[in-house]
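Q: Sequence:
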Amino acid sequence: MAQATEKNELRAAFAARRRALAPAEAARAGRAVCERLRAL
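Using this note's numbering, the first residue of the sequence shown is number 107, and each one after it goes up by one.
Since the hints were made in silico from the structure, they are not lab data. Among these hints, one or two may not hold up.
[As the list claims (entries may be wrong)] DEER-style ranges, computed between Cβ atoms: (1) R137 to L116: 37 to 47 Å; (2) E141 to R117: 23 to 33 Å; (3) Q109 to R144: 20 to 30 Å; (4) C140 to F120: 19 to 29 Å; (5) G136 to E115: 43 to 53 Å; (6) R117 to V139: 24 to 34 Å; (7) N114 to A135: 21 to 31 Å; (8) Q109 to L146: 39 to 49 Å; (9) Q109 to P129: 29 to 39 Å.
Note that the Cβ used here is the ideal one computed from N, Cα and C, for glycine as well.
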């Protein structure tokens with residue numbers, strides 16, 4: 107059970123970090139999609 111809670115804590119920390127980086131990541135992903143569409 108200890109490992110499960112540890113995994114959940116890691117997942118929570120990961121989610122928090124992802125939430126903090128979400129705007130920048132979304133902008134980067136959007137730019138990448140635009141570049142890909144332009145290349146077609």
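Q: Run every hint past the structure and note whether it holds.
A: Each hint, compared with the structure:
The hinted range of 37 to 47 Å is not satisfied by R137 and L116, whose Cβ atoms lie roughly 29 Å apart. One distance hint, 23 to 33 Å for the beta-carbon pair E141 and R117, holds here, with the actual separation near 31 Å. Evaluation of the 20 to 30 Å hint for Q109 and R144 yields a failure: the beta carbon distance comes to about 46 Å. At about 27 Å, the beta-carbon gap between C140 and F120 stays in the expected band of 19 to 29 Å.
Checked against the given bound of 43 to 53 Å, the beta carbons of G136 and E115, roughly 31 Å apart, lie outside it. For R117 and V139, the Cβ-Cβ distance of about 27 Å falls inside the hinted range of 24 to 34 Å, so the restraint holds. Separation of N114 from A135 is about 27 Å and conforms to the stated range, judged on CB atoms against 21 to 31 Å. Between Q109 and L146, the C-beta spacing of about 46 Å keeps the proposed range 39 to 49 Å intact.
Against the hinted window of 29 to 39 Å, the Cβ-Cβ separation of Q109 and P129 comes to about 33 Å, which satisfies the hint.
In summary, the structure is inconsistent with hints 1, 3 and 5 from the numbered list given earlier, while agreeing with the others.
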